[in-house]
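Novice: Protein chains in written order, with our numbering: chain A, 1 to 109; chain B, 110 to 710; chain C, 711 to 1047.
Among the clues, some could well be false.
[Claimed, not checked] With a cut-off of at most 35 Å between alpha-carbon atoms, the simulated DSBU-like pairs for lysine-lysine come out as follows:
id : chain 1 : residue 1 : chain 2 : residue 2
1  : A       : Lys23     : B       : Lys467
2  : B       : Lys706    : A       : Lys105
3  : B       : Lys467    : C       : Lys712
4  : B       : Lys470    : C       : Lys961
5  : B       : Lys662    : C       : Lys1044
6  : C       : Lys772    : B       : Lys706
7  : B       : Lys542    : A       : Lys105
8  : B       : Lys540    : C       : Lys744
9  : C       : Lys961    : C       : Lys755
10 : B       : Lys540    : B       : Lys706
11 : C       : Lys755    : B       : Lys662
12 : C       : Lys999    : C       : Lys744
13 : B       : Lys467    : A       : Lys105
14 : B       : Lys637    : B       : Lys259
15 : B       : Lys264    : B       : Lys228
16 : B       : Lys587    : A       : Lys105
17 : C       : Lys999    : C       : Lys961
18 : B       : Lys536    : A       : Lys23
19 : C       : Lys742    : C       : Lys1044
20 : B       : Lys536    : C       : Lys961
I should point out that these hints are in silico values taken from the structure, not numbers from a laboratory.
Remember, predicted model here, so these are calculated numbers, not experimental data.
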Amino acid sequence: MINFGFSISKPRTIDIDRNNLHKSNEIIEAMPELQTCIGCGSCTATCTAGNLTEFNFRKVHTLVRRGEYQGAYEEMNKCMLCGKCRLVCPRGINTRGVVMLIKRKIGDF
Amino acid sequence: MTFFADFCIPFIVGAAYMALVVAWKYVTWLRHLPKSDLKLIAKGIFSLKSLSATWEVIRESLLHARIWRVNPRLGYMHTSLAFGWFLLIAIGWIETIAYLGFRWVPLQGHVFFKYFVPKNNIETHLPAFDFVMDLLLLFVLSGVAMAWYKRHNSKSVGMKRTTRHTRFDRIALTALWFIFPARLIAESITAALYGGGSFLTGGLGDVLDSIFSRTTLYSIYEASWWAYSCALGLFFVAMPFSRYMHIFTEIPLIFLRHYRLRPTAEESSYDRFEIEACSRCGICIDPCQLQSQLGNNEVQSVYFLRDRRYNMLQQKIVNDCLMCGRCEQVCPVGINLNTLRLNSRVTMRNTPNEGRYKYLKGIDTSQGEGRVGYFAGCMTLLTPKTLHSMQQIFDAAGEQVWWADKSGGVCCGRPMMLSGEVDAAQKMVEKNKELFRVHGITTLVTSCPICLRVFRENYDLEGIEVLHHSEYILRLIKKGRLNITHNAQLTFTYHDPCELGRGSNIYDEPRAVIETIGQLIEPEHNRKNAFCCGASVANTAISDAQQRTIAQKVGAELEATNAETVVTACPLCKKAINRGVERRVADLSEIVAENIKNINR
Amino acid sequence: MKHVVVIGGGVAGIRCAIELAEMGIEVTIVEKQKHIGGKVRNWHKLFPSFTPAENVVEELIKRVQNCQNVQIRCCCEAENITPHQVTISGGETLNCDAVVVASGFTLFDARIKEEYGYGIYDNVITSADLEDMLNRRAVKLTNGASPRRIALLHCVGSRDEKVCQRHCSKVCCVTGVKQAMELKRLFPTADVFNFYMDIRMFGPGYEEMYREAQADYNIHFVRGRISEVSPTIDGKLQIKAEDTLTGRPLKMGVDLLVLLIGMKAGDSNKRFELSCHLRRQDSGFMQPKDSFLGNVESNMNGVFYAGTVTAPKTIGESLNEAVTAAHSVAEWIKHTA
């Protein structure tokens, strides 16, 4: 069971000074609209996979943007790519594109 | 006669080189075909299929029948070049035989016949041949002139845009344009000096004779044949690496297709035949809404095939496609553009992960029991009016229904497949299949064309009939299980969803249902030519704003019908079109549920 | 005597007409509804003071009716505008010296956000419906019972690219808090939940009202946008959202769901743009000359704006703008005379 973002061995603080933001910047550069996320949670609420298992798209991509990559690939692999989130996102973020991009950029981190 | 002159060298070298490269390509492609494909070839080669393939080769590779249907002028251009050139060669061959009898003549002897056998060298002149050859040359030249004019003014042949070419293509294209004018000049000078030729070469020969002195003509005589030979040689050298490879690839492709070879979900050697059969005519560019409505260039099928052929394919080009199938619909070569794009996505997909979707184990969120299963699909949960209307329809028809995913279920897998991750999608497919089996349904109804397509094409649901709700509703009406009030005052227009129309060939059922309710007014682009709403799950490259732009353009066309209600039969289309129109947008099921006369219970 | 046509008889239009009349200018109000008073007529109480809306509207109507030189033309629409002539429905033209466009906004049609079930399920209502129910003293469920659990959803048709409404409608946050308090007053034992993306309490007394709602009324604020609504077997509505502050999906059954619908650009704006080259913003609202000194002027000399025709505004702001517009008009007329 992946306890994403809450692992004991890691410090609780998101340490932006220590995190390597290189990947995160690459992701944002490829998909600038990701920065427009207002964290309303619509995507997570509507998520087909999130309805069946613990998966929070909003949290994963937010952590990735902060340079917290650990576990993100496994998490994004829970996504079924059904596209409901793209249909509800009030900011019009290409969420399916984000899932694919993050998986591609991060791989097994 | 020796049938050799120095100027023949460029031609001979070019032709030999081309023959070698083409043969090498054929052999490599065939050798790498999967075993199953080779079996199909062995089975088909000595059957009637070869005959019908031959007929198609004549119809398509020579006459270009399908391009005639796109635009007659464009058709004429292609026919004049292909069929005209073919006839020049064929009649030229006959001419050689007519003059020299059945004897071996090397290739250049046929091609440069007028040089080796001018009129003053012949005992009995056959002017009919001169006339026919001149006529054919004029036929081809008219095509060349049109091709040249098309480069500058594509609208003249009904195309808004033409292909932007690679360097090799430009070389080959330029050489091709020069071949026939060069031949005209060489043969005309020959006619001027040695006689022969009919209205064209003879006529031009007379004109040259009157303008220039004999000495001048003698001095450029050899040079003109050199020019002709060089143009041919250059064309032949560039040809296997340029778009003109299609000339030789389309022929085996047609045969293979008749032997039932098809591109598959994974790339195979067969794809090479399809890819190199693309002539880059660019007919696929205009129908592409990414071009016409968004101005996205360089992503259309012609460019995708080009990039894939030259191994310079980029992820973003592969992903930037709605897979609406509008290009496939018009492709004169009949290339399976969507399948090729998809198997490129499969090749370029993310590393598969075996452990995916473990969480699906033991999950069953379905409700109710019945022989008829209803699969709403993920998107339909965001258009609950459809769900609600289906409930009313089932109730009115007295149908016992098993609801697969009313409160959320497992995705059908098609969106995942469309992104190339077929192995991951398979896990969802297996899960849903297991649920369908466990609940013992015999009919599976879905209101989502995306789900419909994957159920029909990838699920292998033996013993379960898969129906789109439009088909199911029409069946209920026909059987009298559903009585609908007809009101001619109600006006509807219908938007064909890509996955339902071009994807699943369902055009008539939704229309028949609408016509039992009210009056149907067709939009300008409908059925096979219908627009895509822009929200296709196949495209992960375009932005929301671009999706909206497409939706608004499509919406404007639907509103132009002045119908009260815009009807569609796909939740995604409904959501998309709603962004582009002011009037009501409804799913087919809604207008049915609103007009049910009877409660049949 | 100088003559000005005011398009729209809502609060901004009326206020502007009164001001112009008091300066000795003849005014014609063109109103498409049967009565003047605009959308505020249908409202119950106004934030943040809970002032009955009728106090404001009736006072305005009384005052405008007392003005000798104001003519009110109801049931007619402005078809075409030029600074010196307004063509109204039926083809009649009104000659004038200036025009004030105070045609307001259109309420967002909640049926477009189909996933919220408005027009599909019982007991999903909009904020405008709720005001009407409050006015009729008929706030109850469709089966006549009192709601025991109520959810209010903010930002329906605002800040939403999916329905082509990028802008913030400004007033819904405060309205949501106000309505939550009114509902709690009516049904003290009911649980009231407000689902929001951001709470924007920008005006005087608003933040205080928000705090009061939380502290004294025990209204729950959940930070998350509802994504789907579905009916439950026992006739309730199940809503799904993410409780973003805990990062977990949240679902609950409610008896009543109130959708706080936003302000859409007025339906007539497109016509104004097409017929008389008035500029519109991307949001569809009209574009004032600038945001500061020319905020009630249009890109055409002699055409002025007042109220929500240019952007979502509160009633107070609309009234202020109406006065400013009237003075700008008077100045313009004096200038051109």
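Novice: Each hint needs a verdict: does it hold in this structure or not?
Specialist: Each hint, compared with the structure:
{"no.": "1", "hint": "Lys23/A <-> Lys467/B", "verdict": "holds, 28 Å"}
{"no.": "2", "hint": "Lys706/B <-> Lys105/A", "verdict": "violated, 56 Å"}
{"no.": "3", "hint": "Lys467/B <-> Lys712/C", "verdict": "violated, 79 Å"}
{"no.": "4", "hint": "Lys470/B <-> Lys961/C", "verdict": "holds, 23 Å"}
{"no.": "5", "hint": "Lys662/B <-> Lys1044/C", "verdict": "violated, 47 Å"}
{"no.": "6", "hint": "Lys772/C <-> Lys706/B", "verdict": "violated, 52 Å"}
{"no.": "7", "hint": "Lys542/B <-> Lys105/A", "verdict": "holds, 33 Å"}
{"no.": "8", "hint": "Lys540/B <-> Lys744/C", "verdict": "violated, 60 Å"}
{"no.": "9", "hint": "Lys961/C <-> Lys755/C", "verdict": "holds, 31 Å"}
{"no.": "10", "hint": "Lys540/B <-> Lys706/B", "verdict": "violated, 39 Å"}
{"no.": "11", "hint": "Lys755/C <-> Lys662/B", "verdict": "violated, 42 Å"}
{"no.": "12", "hint": "Lys999/C <-> Lys744/C", "verdict": "holds, 32 Å"}
{"no.": "13", "hint": "Lys467/B <-> Lys105/A", "verdict": "holds, 23 Å"}
{"no.": "14", "hint": "Lys637/B <-> Lys259/B", "verdict": "holds, 27 Å"}
{"no.": "15", "hint": "Lys264/B <-> Lys228/B", "verdict": "violated, 43 Å"}
{"no.": "16", "hint": "Lys587/B <-> Lys105/A", "verdict": "violated, 54 Å"}
{"no.": "17", "hint": "Lys999/C <-> Lys961/C", "verdict": "violated, 47 Å"}
{"no.": "18", "hint": "Lys536/B <-> Lys23/A", "verdict": "holds, 30 Å"}
{"no.": "19", "hint": "Lys742/C <-> Lys1044/C", "verdict": "holds, 30 Å"}
{"no.": "20", "hint": "Lys536/B <-> Lys961/C", "verdict": "holds, 28 Å"}
In this structure, the hints that do not hold are numbers 2, 3, 5, 6, 8, 10, 11, 15, 16 and 17, in rising order.
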